[in-house]
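Make a model of the complete structure from these sequences and hints.
Here the protein sequences line up with chains F and A, keeping their order. Letter 45 of the first sequence, counting from 1, is numbered 45 in this note's numbering, and no numbers are missing. Letter 45 of the second sequence, counting from 1, is numbered 159 in this note's numbering, and no numbers are missing.
In case anyone wonders, no lab produced these hints; they're calculated from the structure. We put the beta carbon where it would ideally sit given N, CA and C, even for glycine. Please note: incorrect hints may appear among the correct ones.
What the hints assert, rightly or not - Some chain F residues near chain A, calculated using beta-carbon distances under 7 Å:
id : residue
1  : Ser-42
2  : Leu-43
3  : Leu-92
4  : Glu-102
5  : Gln-103
6  : Phe-105
7  : Gly-106
8  : Pro-107
9  : Gly-108
10 : Leu-111
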Amino acid sequence: SAVISQKPSRDICQRGTSLTIQCQVDSQVTMMFWYRQQPGQSLTLIATANQGSEATYESGFVIDKFPISRPNLTFSTLTVSNMSPEDSSIYLCSVRGGTYNEQFFGPGTRLTVL
Amino acid sequence: DAKTTQPPSMDCAEGRAANLPCNHSTISGNEYVYWYRQIHSQGPQYIIHGLKNNETNEMASLIITEDRKSSTLILPHATLRDTAVYYCIVRVQVTGTASKLTFGTGTRLQVTL
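Dropping the structure here:
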């Protein structure tokens, strides 16, 4: 299984600012995924990040709002730009691997925007 | 990916078996049934998956009906630590973004003393 860490674990930010969330994996992975989980809701996929290529965004998510970097096979960042209270969510990093190609998730970053 | 339907919540007494149902009537022949769970304030955790045969591992058993239109996740001896939201997900088992996980609303299982 893959061990995933995220920084920060939580943050409280002011409206209009940006926050960059880091995701570190203990093994090399081709694909990394970023999810959002709004309060009381299920997980929604934001984008898929492959090393060496542009991230692929899901419907409703755009690069200007959620720029993603993927500089190597063990690391990725997600930036939440020009934040508003509606961006208050848990943001989760995920990778695929293991014997059954299952997905592993990081502990999440709990973001509160005031 | 096929859509799944799960009851929003269930209760189970500690020590009893927890049986969590999932309907996936539009499942395709090459789609697998995956189960994940999310304990409060943690990232989702893989539990088990299957195609058409029943599966068992150290965490749970998965029973898939013969027509594959529904399945049941069984936690044989539920404990308080099994209290979580359980997600049933159907997807093809291939690499690439085509096999992305799409989460529904899941079943909130509450295990009680």
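Hints, one by one, checked against the model:
1. Ser-42: For Ser-42(F), the interface hint holds, since the closest Cβ of chain A sits about 5 Å away, which is under 7 Å.
2. Leu-43: Holds, about 4 Å.
3. Leu-92: holds (5 Å)
4. Glu-102: Holds - the Cβ of Glu-102(F) comes within 7 Å of chain A, reaching about 4 Å at its closest.
5. Gln-103: This hint holds: Gln-103(F) lies near chain A, its Cβ roughly 6 Å from the closest one there, short of 7 Å.
6. Phe-105: Because about 3 Å separates Phe-105(F) from the closest Cβ in chain A, which is inside the 7 Å limit, the hint holds.
7. Gly-106: holds (5 Å)
8. Pro-107: holds (6 Å)
9. Gly-108: With a minimum Cβ separation of about 5 Å from chain A (threshold 7 Å), the hint on Gly-108(F) holds.
10. Leu-111: violated (14 Å)
Hint compliance for this structure: hint 10 is the single one not met.
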